[in-house]
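Peer 1: Chains as they are written, first to last, in the working numbering: chain A, 1 to 203; chain B, 1 to 203; chain C, 1 to 203.
Quick caveat, the hints were computed from the structure, so don't treat them as lab data.
Don't take each hint at face value.
Listed below are the simulated BS3-like cross-link pairs for lysine-lysine, each with C-alpha atoms no more than 25 Å apart in a straight line [claimed, not checked]:
#1 Lys28/A - Lys165/A
#2 Lys55/A - Lys55/C
#3 Lys55/A - Lys28/B
Pairwise CB distance ranges, derived in the manner of DEER restraints [stated by the list, open to error]:
#4 Leu176/C - Pro63/A: 24 to 34 Å
#5 Ser159/A - Tyr5/B: 24 to 34 Å
#6 Glu3/B - Tyr112/C: 37 to 47 Å
#7 Phe61/C - Leu163/A: 23 to 33 Å
#8 Phe79/A - Ile4/B: 32 to 42 Å
#9 Glu3/A - Asp113/C: 57 to 67 Å
#10 Arg27/C - Arg27/A: 22 to 32 Å
#11 Pro63/B - Phe61/C: 23 to 33 Å
#12 Asn115/C - Asn168/B: 44 to 54 Å
#13 Tyr5/B - Phe79/A: 47 to 57 Å
#14 Leu163/A - Gly54/B: 27 to 37 Å
#15 Asn168/B - Met10/C: 33 to 43 Å
Quick reminder that beta carbons are idealized off the backbone N, C-alpha and C, glycines included.
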Amino acid sequence: MEEIYSILMMVGTFVLAISGALTAMERKFDVFGVFIIAFVTSIGGGTLRDILIGKDVFWIFDPTYPYIIMGGSIFALVFNKCLEYLRSTLLVFDTVGLALFTILGAEIGLSYDLNMLSCVILATITGVVGGVLRDVLVNEVPVIFRKEIYATISIAGASLYLLLKLYNVGYYITELVPVLFIIILRFIVVRYKISLPGIYKKI
Amino acid sequence: MEEIYSILMMVGTFVLAISGALTAMERKFDVFGVFIIAFVTSIGGGTLRDILIGKDVFWIFDPTYPYIIMGGSIFALVFNKCLEYLRSTLLVFDTVGLALFTILGAEIGLSYDLNMLSCVILATITGVVGGVLRDVLVNEVPVIFRKEIYATISIAGASLYLLLKLYNVGYYITELVPVLFIIILRFIVVRYKISLPGIYKKI
Amino acid sequence: MEEIYSILMMVGTFVLAISGALTAMERKFDVFGVFIIAFVTSIGGGTLRDILIGKDVFWIFDPTYPYIIMGGSIFALVFNKCLEYLRSTLLVFDTVGLALFTILGAEIGLSYDLNMLSCVILATITGVVGGVLRDVLVNEVPVIFRKEIYATISIAGASLYLLLKLYNVGYYITELVPVLFIIILRFIVVRYKISLPGIYKKI
């Protein structure tokens with residue numbers, strides 16, 4: 001159990017570092033700017049989660065994560081040069097990070113005996129806050145509030161995970177299905193440009 | 001005492017959720033965007049307060065608040081359709097939330113034996129941070145720094161509360177007068193377009 | 001040791017309060033807006049540092065810092081009127097604050113037995129977060145991501161400090177040289193308009 005936490009966390013950290021680095025490169029930030037945006041994008045959600053539940057912040061006493069983020073940033077720098085479709089690459093990494101961190105957040109919520117609603121909120125925070133900070137720092141309206149119903153997918157995935165947990169289906173199904181669910185759902189939404197209805201001002 | 005805390009907190013949460021939801025609706029966010037902005041607006045100040053004084057974050061282990069926020073968001077959705085003057089409605093809910101959370105912050109500061117200056121700062125943080133986060137997330141210069149001397153009113157209300165507490169006037173006066181003071185002061189300021197002098201650059 | 005912490009912290013708080021106040025005055029914020037931006041700029045980095053390592057937030061139980069910030073704000077108001085070159089004044093205070101807080105962050109990291117990489121990160125957070133918050137609040141792309149390789153200098157200074165500590169050179173050299181290194185490096189960078197290479201998108 002502890003082990004799957006660590007693996008989820010490391011892979012999620014790596015892919016979100018790439019997502020952050022690609023965004024920073026698009027804005028022509030310098031190399032340290034790229035590293036800082038990668039750092040904030042990948043540890044932002046988990047850091048807020050740990051502060052909220054009063055847990056030691058996961059990367060402070062363990063240098064593994066900063067090293068993974070450095071690795072992700074360097075990977076993005078190299079990757080960038082071979083690739084022509086930055087936008088869609090960004091989407092892939094961002095989506096995998098969203099899926100892994102959402103489920104990780106829900107797991108940690110359960111392990112702290114939080115109620116279901118708080119688990120969903122914690123899962124969503126873990127999944128989306130890094131991307132929100134990234135967007136606030138580069139001074140955009142966060143992606144979460146634009147299209148692609150980003151947060152909605154995270155909420156749906158976390159709810160599915162808690163449901164599978166509740167009905168006690170097999171271990172691997174509980175861990176894998178919600179992750180795949182989030183990834184596939186996001187690609188469908190982006191591909192077919194689905195969006196939730198806004199509630200327009202009547203005046 | 002504990003009881004009045006809870007009531008202040010619940011009513012404040014409800015009205016600030018409405019304020020956040022109305023802002024998000026004005027920007028044509030989708031339904032989950034509306035809920036998230038409502039959530040951040042109403043728990044932002046209290047969350048930062050609890051983190052700063054090292055207290056358990058109030059909504060993590062208690063699902064009451066997230067449910068109240070859902071209620072406020074739904075209320076805003078329905079309310080929105082009957083109303084023509086969104087701007088002034090927003091002002092009412094925002095102001096009541098500012099007043100309730102400011103006094104709540106001052107009370108919690110006192111109960112932690114903080115000095116007067118820290119109590120005022122904690123009160124102001126509790127009162128205004130939710131609104132600041134809301135504005136940062138929708139990518140505006142926060143309302144606090146524009147007109148309507150928002151934070152100034154919060155500081156004045158908190159100081160009045162601490163003064164009444166110091167001179168030990170009756171319980172209900174101490175609780176109610178500063179709340180009304182903040183609400184009335186803000187309406188006067190908005191009505192007569194009062195603003196503090198800026199300090200203009202001489203060059 | 002404790003003593004030099006306090007002195008670094010107080011001087012750093014004072015100069016960053018001035019830097020924040022000058023920025024707010026340039027934007028024609030009202031007097032409380034000036035104080036709030038001064039407050040956030042000078043305590044932002046240290047507050048995040050203390051929250052991350054689970055330490056009591058330094059200014060909550062000790063009113064010294066809020067008073068120093070008030071002093072810095074008032075100093076900036078007076079200073080402003082005698083000065084014609086606001087931009088370069090802002091640079092001086094911002095740079096001294098960056099230097100002092102960076103070294104302070106590294107020291108506190110060491111005193112918590114953090115590994116070297118986390119010390120550098122903590123030092124950089126302490127040094128730059130106040131300025132980032134200031135810029136986000138006034139709705140700009142943070143200075144850190146524009147030119148003048150702000151964060152890079154902080155990282156270099158923190159690394160130099162840890163190196164000197166490791167090789168156990170004299171106490172005063174360890175404390176003073178990295179501070180001067182950061183200040184001089186920033187002035188050179190600004191004077192000769194040096195910037196790190198961006199990694200441009202190839203598409």
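Peer 1: Could you check the structure against the hints above and give me the numbers of any it violates, in ascending order?
Peer 2: 1, 3, 7, 8, 9
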